[in-house]
Structure formats: C-alpha cells, structure tokens
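Visitor: Full structure from sequences and hints, please.
In the order they appear, the protein sequences are chains B and Z. All residue numbers for the first sequence refer to my numbering, where the first residue is 229 and numbers rise by one. All residue numbers for the second sequence refer to my numbering, where the first residue is 5 and numbers rise by one.
What the hints contain is simulated information worked out from the structure, not anything from laboratory work. For every residue, glycine included, the Cβ atom is placed at its ideal position computed from N, Cα and C. Treat the hints with caution; some may be incorrect.
The following label-pair restraints were derived from C-beta to C-beta distances [to be verified]: (1) H483(B) with R36(Z): 46 to 56 angstroms; (2) E730(B) with L116(Z): 53 to 63 angstroms; (3) N278(Z) with Q303(B): 30 to 40 angstroms; (4) E285(Z) with T457(B): 50 to 60 angstroms.
The calculated DMTMM-like cross-link candidates involving lysine to aspartate or glutamate, where the alpha carbons are at most 25 angstroms apart (straight line), are [claimed, not checked]: (5) K430(B) with D127(Z); (6) K735(B) with D343(B); (7) K136(Z) with D262(Z); (8) K84(Z) with D343(B); (9) K763(B) with E730(B); (10) K194(Z) with E290(Z); (11) K284(Z) with D378(Z); (12) K136(Z) with D477(B); (13) K660(B) with E741(B); (14) K312(Z) with E305(B); (15) K274(Z) with E182(Z); (16) K233(Z) with D184(Z); (17) K430(B) with D184(Z); (18) K273(Z) with E290(Z); (19) K126(Z) with D477(B); (20) K763(B) with E95(Z); (21) K84(Z) with E730(B); (22) K84(Z) with E305(B); (23) K263(Z) with E182(Z); (24) K126(Z) with E147(Z); (25) K120(Z) with D226(Z); (26) K175(Z) with E741(B); (27) K84(Z) with E741(B); (28) K233(Z) with E100(Z); (29) K233(Z) with D262(Z); (30) K194(Z) with D132(Z); (31) K273(Z) with D132(Z); (32) K284(Z) with D385(Z).
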Amino acid sequence: MSSVTVDHVSPGQHGHDDHHHHAIPTGWRRWLFATNHKDIGTMYLIFAFVMLLEGGTLALLLRTELFEPGVQFFQPELFNQFTTMHGLIMIFGAIMPSFVGFANWMIPMQIGASDMAFARMNNFSFWLLPVAAIMLTSSFFVPGGATAAGWTLYAPLSAQMGPGMDLAIFAVHIMGASSIMGAINVIVTILNMRAPGMTLMKMPMFCWTWLITAFLLIAVMPVLAAAITMVLTDRHFGTGFFNAAMGGDPVLYQHVFWFFGHPEVYIMILPAFGIVSAIVPAFARKRLFGYASMVYATSAIAVLSFIVWAHHMFATGMPVTGQLYFMYATMLISIPTGVKVFNWVATMWRGSMTFETPMLFAIGFIFVFTMGGFTGLILAVAPIDIQVHDTYYVVAHFHYVLVAGSLFALFGGAYYWVPKWTGRMYNEKLGKLHFWFTMISFNVTFFPMHFLGLAGMPRRYVDYAAQFTTFHQVATIGAFWFGLSQLIFLYAIVNCYRGKGEVAAAKPWEGAEGLEWTVPSPAPFHTFETPPEVK
Amino acid sequence: MKKWWRGILGACALLFSCAVRAQVQDMPGGPRVNQLNLHEGVTQIAQDVMWLHWMLLIICGVIFIGVFGVMFYSMWAHRKSRGHQASTFHEHLGVEVAWTVIPFIIVIAMALPATKTVVAMKDTSSPDLTVKVTGYQWKWGYEYLDGPAKGVKFLSTLSTPRAQIDGREPKGEFYLMETDNHLVVPVDKKVRIVLTAGDVIHSWMVPDFGVKQDAIPGFLRDTWFRAQKPGIYRGQCAELCGKDHAFMPIVVEVLPQDKYDAWVQDQQKKMAANADDPNKEWTKDELIARGEKVFAANCVACHQANGKGVPGSFPALDGDKTVLGPKDAQLETVLHGRPGTAMAAFAGQLNDVEIASVITYTRHAWSNAGKGQDPVVQPKDSVAKR
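Guide: Right under this line is the structure:
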C-alpha cells in the first residue's frame, strides 16, 4: 500500500475535505476535470438517480392521467410525449449510466487495477451525458413539444414530429457515443489491467458480465445511431429510407432498431446478473455455484441476443418461416437464463444465510425477475405474442425485467457497496423498509397490467374503456407508492455520504469475497497503485 | 411509522370503494369488467391461442413453484440464525447438465403445438371474401374487394362523443369501442383482410378473432379469420400512430348469411343514391353545408372545430395564408398532403365533391368568412388537380 492510501484510512472524515494531497484537485475542478474512476463513478450514479427521478415523475404523470377513463389532465399529444420521454430517459438516462457508474467504481477495485484504462476518455464519456440529458429534457419546450413517437421512434411516425424529434435524435447519438467510450474503457481495463494472478476465470462475475455487456454495447450502439440517422435524413435531407413512395420501407426501420434493441435489453440486465452473483454468495457465506457455467450462460445469452430481434415484430406480418425461426430462437434464451436462476438458488442451498438489505434485493430480484422471464417465454410463442403484442401485457413483462430486474439489482448493489464508497453503513431499518415498500408496491403497480393486457388493453393509450378501470386504479396507487418509496433510498444513501451511521469496516460483510474488501472503507482516492498479488 | 402505514391503507380502501361504486357492465364483444385472461374467442385461432396460453401458464407455474419452493425452503432452513453451517460445494456437473437439458426438452414440447398454430395463422389462402382495410390517422377505411359486396367502401370512425371523453357527459356502454360504420362480414366464412395504411403504421386488432396485423403505409399485409358465431366484436388500434391512437376502434359485425346478403343489397342501393356527380355546379351554401360535415369527420381532430389547430403541432386554418389565398395551393395540400407532416393526402379517401365542399367550408368558416381569394371551389376544380 502506498502512503497515499494510508492518509485516508482514518474514519469520520468527510468525502470532500480529506484530500489535501497536492495531486488531488479540489472544489469544482475535482469534478469537472475528474479522472479518478471513483469520482467519475459517483457522478454517474448521481446523474442516473436524477434521471430516475425525472423519468419516474413522468411515469407518475402518466399514471395520474390513467387513474380514470376519460381525458382529465393531459391531452393525448402531451401524454404521448410523456410515454416517449419516460422510456428514453429511463433507458438511456437512468439504467445504462447507473451500470456504468457501478463499473467505474467496482471494476478497477475488483480486478486490482489502479484506475480505468483511459481516465480522460472516462471523464469525457461522463460529461457528455448531462449535455444529452439537458437537450432531451429541453425538447419539451420547443414548438410541438418533445418527440411523441414512442421510445422506439418508429418511422414514419417519427417523420411527422417537430424539432423535439431532432433534439431526441441528437441526444441519443451523444448518449450512444458516451456508452461506446464507456464500453471501450471497460474492455481495455479488464483485458489489460488485471492484477497478477487474476486470470479471466478468477474474475468476479460482475466484471465478466460487464466485459460481455461492453462488447454488446460496441456492437449495437452504432446500429442504433444508423437507424436514427436515417430517420434524421428522411426528415430533413430528402432521403426515403423508410418511405415506400420513395422506394423505402417502414419495416426496415424496425429491423434495424430491434437489431440494436434486443441486445440492448441484455445490456441492461447482464450487469445486474453480475451484481446479484456478488451479493448472493456473500450473504449465503458460500461460493457462487457453477461459476464457469455462469460465464458460459452469460456469453450464450449475449450471442443469442443478436439473432432474436424480430420477435418484437411478429405483428408486422413476417413470412411463416421467419415467425417460426424467431420463435424458436427466442425460446432458447430461456435455457441459459434458467441456468443462472438455478445457480443462484443452488448457491443459497445449504448456505448460512442472513438477510440484510442487499440480500433482500438480490432475492427479490431472482423471484420477480423470474416472473418477467416466464412472461418473456410466453411472449416468445408467436401466436400468443400476436394476441398480446402492444398491450399492457408487454408493459408488465418489460417492467418485471427492467424494474424488478435491473433496478432491484442496482439497489442491492448500492446497499452492498455503499459502505465501501462512503465508509459508513446505511441504516438497516431504512434499507429493509425501502425493500419491502419497493417490492410490494412494484407488484401492486405492474401485476394488474398482465390482466389488462390479456383482456386487450393496448399500450400507449391516453384513455381506455371503463371495464379496465379498477386495474388501472390499482396500478396508479401502486405507482405513487413505488415512486415515493424511492425517497427512502435517497435519504438512506445521502446519510452515508453525510457521514452519518455506523463506521464501516474494510470488509463489513462477513461472507463477502473480492479485492474491493481488502482496501479500507471508504476506499482511498487511489487504490492498488501497487498491484495486489492474487493467488 | 405506524401512522404512515395506516394512512396508506386508508387511502387505498377509500379509492377501492370509489372503484367499486361505479357500476360498469361487461361490454359485449369487448372487454369484461376486470377481465383476467384472454378473450374466449370466436375463431379457431383465438381458441388455440387461449389453449397455448393455458399450457404455458401451467408449465411455467409448476416450474416456478418448484424452483421457488426450493429457494424459500432453503431460506427457511439454511439460515445463519438457525445455526446452519455453510457447505462448500460449488459445482456439480450432473446437476448442471440436467438443468440445461431438461429445460431444452420442455421448450421443444412447448414449441411443437405453437408451430401448428403459427402455420394456421399465416394460411390466408382460398378465402371466401376479401376486404381491404386501410389505416388512417385516426380512422379505418374498409373496401370489399370481391363477392356480392364488391365495390362497397366506407370509412369507420369513433362514434363516442367528445363530451364523454372530456367528462362533460356520462360515459356510454361502448365507450371508446364504438364506430359510426361497422365492418360487416358473414358468419362461418373465411374472411381475408388485406391491410395497408395511408400515413403511418397502424395495427388492426380484434382479440375475439385472435387477429392483430400491422397496417403499413405503402405495403400490403394480410391476415384472416373465420368467425363461428354471429355478433359484434370490438378491438382497437394497437400500434402507436400519433395523437388520437386511442380513438380509432374497430367494430366487426358478424351476420348470418341471409342478413349479410340483405345488408349488401342495402349498401349497394345507398351507394347508388349517394353517388356524387362531380360535374354538377353546386351553390355556395350547398358546398358549405356539405363541407362542414366532411370537416367534422376528417379534419377536426387536428385543426379543431374552431379552426385554430393545436399550436406547435397542427396549424390553424383560421386566417391561414393558404386558405385565404388562391384555391390551387389548398387543393394541392388537401389532395396530396404535405409530406413530412401529419397532413395526409385525401385524394384516396374523399371524392371531388367532398374535397371541394370542405375547402369551400374552410374558406367561409370562422373569421375567414369568404373574404380571401376564390371563396368557392367547385368539384370540377378538384377533378382538374387530381
């Protein structure tokens, strides 16, 4: 350990004031010019949480309008802007950046590297995000408002939108560039900067899942950029990629978009698998079951994700062979996903379990994500998909895998690693309250949506037949409960940063394994300047 | 903390009682109140889908209970607080192979019956009747392509009054799922639906038929159904198509053969009676009266009844340069649309009398008051610009 780390071991110091070392910038320079992976990680996480609140507020506005049949609060054109922006902000603003935040904080510490490989690019890839977020949010205030074409931005509807659409396209371009840079950083860091002895097959699962995710990002973000650039040139430069009158094809957009869109789904879930694979063994006090098969299953999911995209398009009218192929290929994904769930359960089996908040979120993840997995399998079956495509059944399905999947894992990961980030334990009572409120209100919100979808309630509707009222009201009540519960999380985590709560030991979890627990809590500004030796 | 809990529970109870109070009945051919599962369906396909869904639900349910039974047992039995010591095993080739291979076999078992249904759904060959369905923002157009009703065509728009949507009137029995004109088909006949769209992608969905097919502008897609029971069946547009996506329902009336034949004859008589002569000179007042109706059915959603449009999204016609300028520019816009905007080409939807009358109406309505150039546009002007 270098002398730098020793400076910062003493507990009770606040994050900002304890860095008097000449190499460490202070004040706003520390953040604007940040090259330290921990500072950048923190900024990513704060940014993502702000976006989560923005997207969540939009969701609550939607649920407010949907509390009763009829148009009460928002006219249809504004409602459609809300649905679209809710999707874009949650995916590109909240979920993806938060995983990059975790990657920044944890990957160098887990593989025994001193920092990310490209520190300045890391800074740039973060600071692109607020620019994109401001652009996206400000599009509400341009003539015609924000884009209302759905987060999928399907042509030719997206050709009809006002300048809000162009802002959204540029914002997504910028966020895509940021993601690609983040992914390059992760790949180079993992492949080149592992501590001596840290072979690939000894890496923590979180690093493995992120390595695979990073390859997915590099492969598909340019595809998205291509799709939306074609929309842009169709809108302004007289091309006709998606205009049949000019020899184009609206369905081409969907093929290109979903070639990005389906791997994107796994981009948002694979790192979550990694977090859960870290938490479950820690609190079962037992090694992760089937490490090698976890790695292979993750890779299999990543490969399959490239060849199933058109299951989002069964209703466009594919040839029968196309429908059959995409149905079979999609159903195959359930096998590696099942292997993961079985492995987690086997890890718990005959362990010595305790149920602190991270473990509760991990178990909640496994339980509720699996429900989303099953509805995914049901949706893979083309005839059923055609019956429930573009209904609330699909809305329920992807919130089960994205909220109960990705977001639950992110909460679990935050509680698990916040002692390392801040040097303080969170308040366990608040954490548990947050978990139970989140878990219950999530199901109150989204479970009734399965029924709505099966009964034929289409999604992205500002108004609905009175027969659907009760389930919509239950969902709205659940949504407000869910939304407000997240303030508990904010309070609990901010308290850690404010230096309140029990002082955390270097390894606050009895069963936790990994290099990150060998450095003091809070993790010093610089860690592993001399690489550790891994047996 | 306890008081907080009670507050939330109280609020829930209050809201639930409100929900129960509203006496809503099941909608015939539409959703039932608090319907939990798919529609029973009146076609073989819809019934097969229902069967497939039950099969998958049961298999998934059994696996779910199995896996989480094990997990919850383990959470109960293998707790540290019960003094359970952690084992050290972390691999088992046999188990790992088994839980890869067995799900594979289950998935194949699921895929086989589904394959049969996919093939049946896609078989649109040898229909008894073909109807062309065109999606517009925000209405459906129907045209009978063959059979005794060949040539019958009409538009079908939402008939729920705006006042019900805005809450100024109580909501009716078929709120949002009723149209002015129904698609009418005979019972027990294979009806092929050929779809396209005039502007953006729409999707034609009737849950009771197990049918959902996107209508794609510039392309044709087809699907089919054979309804086994006479009745009225309701669906809605299923692909986001802009502002009034929620307000373009589908209503299909399935009639016994004799009643269907009577309906066809009736339609043909009406068509003959309604045929507009584009060569006739119309008076200004005739055109305005007719144009007001055309405007209410086709234009009001965007340009609004007061002609002010929706600022930023849809332009005002009241005081508009084109509407007050020479007629040719407005004829061009209405007939051929404005590419890159929501303004559709109406040449295929409206006849020349309708085009001329709606233009004449806009030139006289609101503050326009006929004070612009060319206040009256005759059908023959529209013929000339086509």
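Visitor: Could you run down the list of hints and mark each one as holding or not?
Guide: Here is what the structure says about each hint:
no.	hint	in the structure
1	H483(B) with R36(Z): 46 to 56 angstroms	37 angstroms, violated
2	E730(B) with L116(Z): 53 to 63 angstroms	57 angstroms, holds
3	N278(Z) with Q303(B): 30 to 40 angstroms	35 angstroms, holds
4	E285(Z) with T457(B): 50 to 60 angstroms	52 angstroms, holds
5	K430(B) with D127(Z)	53 angstroms, violated
6	K735(B) with D343(B)	21 angstroms, holds
7	K136(Z) with D262(Z)	23 angstroms, holds
8	K84(Z) with D343(B)	37 angstroms, violated
9	K763(B) with E730(B)	32 angstroms, violated
10	K194(Z) with E290(Z)	43 angstroms, violated
11	K284(Z) with D378(Z)	18 angstroms, holds
12	K136(Z) with D477(B)	20 angstroms, holds
13	K660(B) with E741(B)	23 angstroms, holds
14	K312(Z) with E305(B)	16 angstroms, holds
15	K274(Z) with E182(Z)	22 angstroms, holds
16	K233(Z) with D184(Z)	22 angstroms, holds
17	K430(B) with D184(Z)	68 angstroms, violated
18	K273(Z) with E290(Z)	23 angstroms, holds
19	K126(Z) with D477(B)	21 angstroms, holds
20	K763(B) with E95(Z)	20 angstroms, holds
21	K84(Z) with E730(B)	22 angstroms, holds
22	K84(Z) with E305(B)	55 angstroms, violated
23	K263(Z) with E182(Z)	21 angstroms, holds
24	K126(Z) with E147(Z)	22 angstroms, holds
25	K120(Z) with D226(Z)	19 angstroms, holds
26	K175(Z) with E741(B)	61 angstroms, violated
27	K84(Z) with E741(B)	18 angstroms, holds
28	K233(Z) with E100(Z)	51 angstroms, violated
29	K233(Z) with D262(Z)	14 angstroms, holds
30	K194(Z) with D132(Z)	5 angstroms, holds
31	K273(Z) with D132(Z)	23 angstroms, holds
32	K284(Z) with D385(Z)	11 angstroms, holds
Checked against the numbered hints above, the structure breaks hints 1, 5, 8, 9, 10, 17, 22, 26 and 28 and satisfies the rest.
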